[in-house]
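Visitor: Here's the letter readout for the chains.
2 protein chains.
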Amino acid sequence: MTIQIYDLCGRDDSLRFSPYCWRAKMAMHHKGLPFEGLPWRFTETERLAESGQQRVPVIVDGDRIVSDSWQIALYLDETYPDKPALMADTLAKASARFLNVWADTTLFGPLAPLAVKAVHAVLDPKDAAYFQESREKRLGKSLDEFCSDGAQAGARAALRQVLRPVEAALEAGPFLGGNAPYYGDYIVFGTLMWPNVVSPKPVFKESSRVADWFDRLLDLHGGAARNAPTVRS
Amino acid sequence: MTIQIYDLCGRDDSLRFSPYCWRAKMAMHHKGLPFEGLPWRFTETERLAESGQQRVPVIVDGDRIVSDSWQIALYLDETYPDKPALMADTLAKASARFLNVWADTTLFGPLAPLAVKAVHAVLDPKDAAYFQESREKRLGKSLDEFCSDGAQAGARAALRQVLRPVEAALEAGPFLGGNAPYYGDYIVFGTLMWPNVVSPKPVFKESSRVADWFDRLLDLHGGAARNAPTVRS
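Going down the list, the protein sequences come from chains A and B.
The first sequence maps to residues 1 to 233 in our numbering.
The second sequence maps to residues 234 to 466 in our numbering.
Where hints are given, some of them may not hold.
Unchecked claim - Quick list of simulated restraints, FRET-style, between CB atoms: (1) B:363 <-> A:208: 49 to 57 Å; (2) B:237 <-> A:222: 27 to 35 Å; (3) A:211 <-> B:413: 33 to 41 Å; (4) A:78 <-> B:452: 30 to 38 Å; (5) B:378 <-> A:150: 24 to 32 Å; (6) A:47 <-> B:412: 53 to 61 Å; (7) B:404 <-> A:164: 46 to 54 Å; (8) A:71 <-> B:449: 39 to 47 Å.
Worth flagging that the hints you see were computed from the coordinates, not collected in a lab.
Remember, it's a predicted structure, so these values are computed and weren't measured experimentally.
For each residue, glycine too, the CB sits at the ideal point set by N, CA and C.
Could you build all of it, start to finish, from the sequences and the hints given here?
Guide: Put into structure tokens, the structure is as follows:
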């Protein structure tokens, strides 16, 4: 049975930029589970009523509804133990859980000035109004100010610094999982897909271990992420 | 054969507070390798001449001399593959390498105001003069200013924030290695031993997953770290 995933999109249905949805989609690709992405917009909260909350990703797997990308990853490993593991043992689970909170608390910071205004630019009018009001209130400044050229230059410098542990980890092997990708790879990769899909500029302009790894992740699972539309494609 | 490790100490030989030496010592305990700690002071660089550099830890294992805690961990796993692995596979190696650079770039920041002046207070006069001059030059301010009560309060708040990924990882099991400790545990633990040994106040004042884990690490390997002298013991 095909799993359905509510997947955040722009006014163009095919533009899918949610970092959390990317984590969940790469997880389903990894496990070889067929799924269908249902285009969903920020203001369509009533469509998620059955999930008991208002954010994506939400997956519908037969009569099971699961929300929150971390919970979805746990659900997939528990429900489909015969498929390739996202987290094969407790070390993998602890390491991925570290990366999940590290990405949310540390990696998002320098990505936000690269992504926020670019997200706003791809939204349909109703979502765009909601997004601008809610984000400007949260940030305490206008989207233009938050994503100024100067802020973006500073963010790129901060991003290189924040990614130093990832750069170092990739000395051990081609993936954060070592010789093969695991859920930790998809957490960091999915987060980087946020600016990658919406920004007019590529996230990585220069070669590095991280940039090469990002390229490898784009190509995984039949180029699932490589073939996804971006504003540059 | 007993491995020797040059181990940073205060004017009291038994006070051992180097975060990098703690990483290496916990690694040797984990592998069940007997070792002898040679008290060493900052200004005794000539004693490390054979290592080709001026910092501890340096271990002497027969005719092999290895410096840098990360290189020591790799050396121990390579040289003693029949002893318990510090990093059993490439996922463990990648995850530990991430933590190594994360600890050095991120965790050190909020620990420094808790540790730096306290280190100065336990050094012998010659080391104390070197330490104060070199650190004040690096920090661009006096040790008193860098470690003021206000700076320490701010550092404790920042430490809670920085440790959020560790707190989350420990949902998966009692150790960062999951069900059992691995080198990643010793990296983070060793780093926290820096303020723990020299500070008049404990690092953790309230119960948390991290505080409970720190307690477990103190007790590991026959209480090797628990039994090490601190300024409070």
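Visitor: Tell me the numbers of any earlier hints that the structure contravenes, in ascending order.
Guide: Hint check: 1, 2, 6, 7 and 8 fail, others pass.
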